[in-house]
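J.: Quick note, the sequences are listed as chains A and B, same order. Under numbering that gives the first Met the number 0, the final residue of the first sequence carries the number 417; numbering is consecutive throughout. Under numbering that gives the first Met the number 0, the final residue of the second sequence carries the number 114; numbering is consecutive throughout.
A few of these clues could be false.
Claimed, not checked - Beta-carbon label-pair distances, calculated as ranges: (1) A:Glu153 / B:Gln37: 46 to 52 Å; (2) B:Asn33 / A:Asp169: 22 to 28 Å; (3) B:Arg110 / A:Arg147: 42 to 48 Å; (4) A:Asp169 / B:Glu73: 26 to 32 Å.
What the hints assert, rightly or not - Here are some chain A residues pointing at chain B (derived, C-beta under 7 Å): (5) Asn170; (6) Ala172; (7) Glu392; (8) Ala395; (9) Asn396.
Simulated from the structure, these hints should not be mistaken for lab results. Ideal placement from N, C-alpha and C gives every residue a C-beta, glycine not left out.
Spelled out, the chains give:
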Amino acid sequence: MTDTLDAVFRREAGRCTATLIRVLGDIDLAEDAVAEAFAIAAEQWPKRGIPPNPGGWITTTARNRAIDRLRRESTRVERYITAHQMHTQDTDPDSTPEGDALDRFVDVVPDDQLRLMFLCCHPALAADSKVALTLRLLGGLETGEIARAFLLPEATIAQRIVRAKRKLRDNHAPYRIPGAAELPDRLHGVLTSIYLVYTEGHTATTGPALTRVDLSTEAIRIGRVLATLMPDEPEIIGLLALMLLTEARRASRIDADGSMVRLADQDRSRWNRNLIEEGHGFVKAWLRRNQPGPFQIQAAIAAVHADASTAAETDWSQIVALYDQLYAIEPNPVVALNRAVAIGALDGPSAGLDALAAVNLDGYQPYQAARADLLCRAERIDEAIVAYDRAIELTANSAEREFLRRQRQRSAATPQLP
Amino acid sequence: MPQYLLSVWHDEEYVVDFSTPEAQDRVAQVAAFNDELQRSGAWVFAAGLHPASSATVVRPSGDHVSMTDGPYAETKEQMGGFWIIQAADLDAALELAAQGAAASGGPIELRPLQG
């Protein structure tokens with residue numbers, strides 16, 4: 000019973016909250032109405048049985064509660080309707096703001112979830128706040144759950160969420176889908192936040208466990224919702240494909256001792272073929288469209304890795320070409336770093352180190368780890384050890400640290416040429 | 000309609016030599032932005048400020064007030080001027096802030112007015 004209610008909550012909370020924010024013009028009131036509906040469900044369902052359409056029941060109940068509330072506090076009706084008209088300019092301009100119109104007014108509109116995504120990932124919010132707000136409002140996660148996932152004090156997350164909501168309210172942030180001119184930038188902001196949730200789940204930046212399933216699963220779920228709502232945006236499909244292809248490798252990323260296993264050493268028979276197949280399908284679909292964007296290119300890179308049944312069979316020339324393409328769109332040092340690693344695999348460690356020479360990411364753990372590996376393969380052991388020490392110093396994740404320690408030991412044991 | 004403060008910030012030692020072509024160009028761009036604000040109805044008020052060194056802080060102290068010379072915040076960056084604008088919502092205000100930043104050639108802080 001509890002499981003069922005939880006499942007319904009997980010599926011419906013974000014959608015329901017999204018609609019009620021539009022109806023009430025207020026995030027906090029919407030959250031209250033949804034919470035109230037779930038409280039009623041928890042009380043009634045055990046006695047009366049689960050309704051045939053539990054999601055619809057929750058939405059309707061929250062909606063009715065909201066209407067009751069609006070009617071009870073009639074001065075609010077006007078305020079909310081004003082707020083609604085002010086903030087959702089893409090609705091029917093002829094709609095009458097009379098009480099009878101309220102029922103139509105609160106119909107569940109699929110666009111509501113999109114509005115909520117764009118609101119949670121508004122560019123005026125800090126990256127941390129976007130992530131926390133997205134998980135809270137769209138994911139329906141409790142503040143405590145988000146805090147545990149990020150290994151942060153609950154008060155920190157609570158404060159981030161409260162501040163973000165207040166900022167959006169005080170600034171009269173619109174509740175609408177951005178227009179065509181601003182859509183690409185705004186969408187990229189949404190996708191980046193979802194990917195941040197995914198990567199945080201995939202490689203926890205701190206703490207003992209390398210992966211935290213909940214956040215990655217949640218990011219993929221939100222990605223799927225977004226892909227359903229905006230099926231014509233190739234970058235959304237690109238992000239979803241990237242997450243699925245990365246997720247496929249999850250089981251092989253940690254060995255029995257809890258140490259990280261890098262891509263080249265992973266047991267590829269443990270990769271999830273279903274996820275790879277699904278991700279591949281998406282990558283092929285975007286190739287036909289020929290509107291490449293950063294997430295699609297990264298997904299294509301992941302797909303090339305997935306294609307190789309052994310690490311030695313990896314088509315590195317294709318990967319280097321894709322990184323060139325990615326660097327042309329996003330000329331940032333992290334892309335340059337990954338490109339250098341690919342060059343190191345294709346043309347040897349010296350070529351990789353040459354490509355790395357232009358990159359300056361001294362305080363970035365993956366940079367030091369990649370540099371250490373290239374130096375070691377180039378038989379520049381002393382420099383490799385210095386880079387490993389630096390990488391170990393920079394990592395907060397114990398599985399990664401264990402991996403780097405082993406690599407350091409191995410390279411220190413490499414016989415050096417006189 | 001919601002109103003917002005757009006404040007212009009720069010180094011306190013910032014001096015504009017209005018004889019240079021760059022400064023003239025800047026002045027022309029800000030004037031064009033002001034015209035556009037008035038034409039679109041977003042304009043409420045705007046002003047440039049004398050240097051922060053011209054400021055005086057007056058504070059209550061018992062029955063009296065005390066005065067100190069100089070700006071309240073002794074930071075390197077000081078407010079050099081501001082606009083009060085009205086806009087439909089945050090996104091519209093941000094768009095105007097972006098135009099203002101481009102015109103004035105420096106950072107602009109956007110902040111909603113209460114009420």
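J.: So, for every hint listed, does it hold in this structure?
T.: Hints and how they fare:
{"no.": "1", "hint": "A:Glu153 / B:Gln37: 46 to 52 Å", "in the structure": "holds (49 Å)"}
{"no.": "2", "hint": "B:Asn33 / A:Asp169: 22 to 28 Å", "in the structure": "holds (26 Å)"}
{"no.": "3", "hint": "B:Arg110 / A:Arg147: 42 to 48 Å", "in the structure": "violated (34 Å)"}
{"no.": "4", "hint": "A:Asp169 / B:Glu73: 26 to 32 Å", "in the structure": "holds (28 Å)"}
{"no.": "5", "hint": "Asn170", "in the structure": "holds (4 Å)"}
{"no.": "6", "hint": "Ala172", "in the structure": "holds (4 Å)"}
{"no.": "7", "hint": "Glu392", "in the structure": "violated (33 Å)"}
{"no.": "8", "hint": "Ala395", "in the structure": "violated (33 Å)"}
{"no.": "9", "hint": "Asn396", "in the structure": "violated (36 Å)"}
This entry does not satisfy hints 3, 7, 8, 9, going by the numbered hints stated previously.
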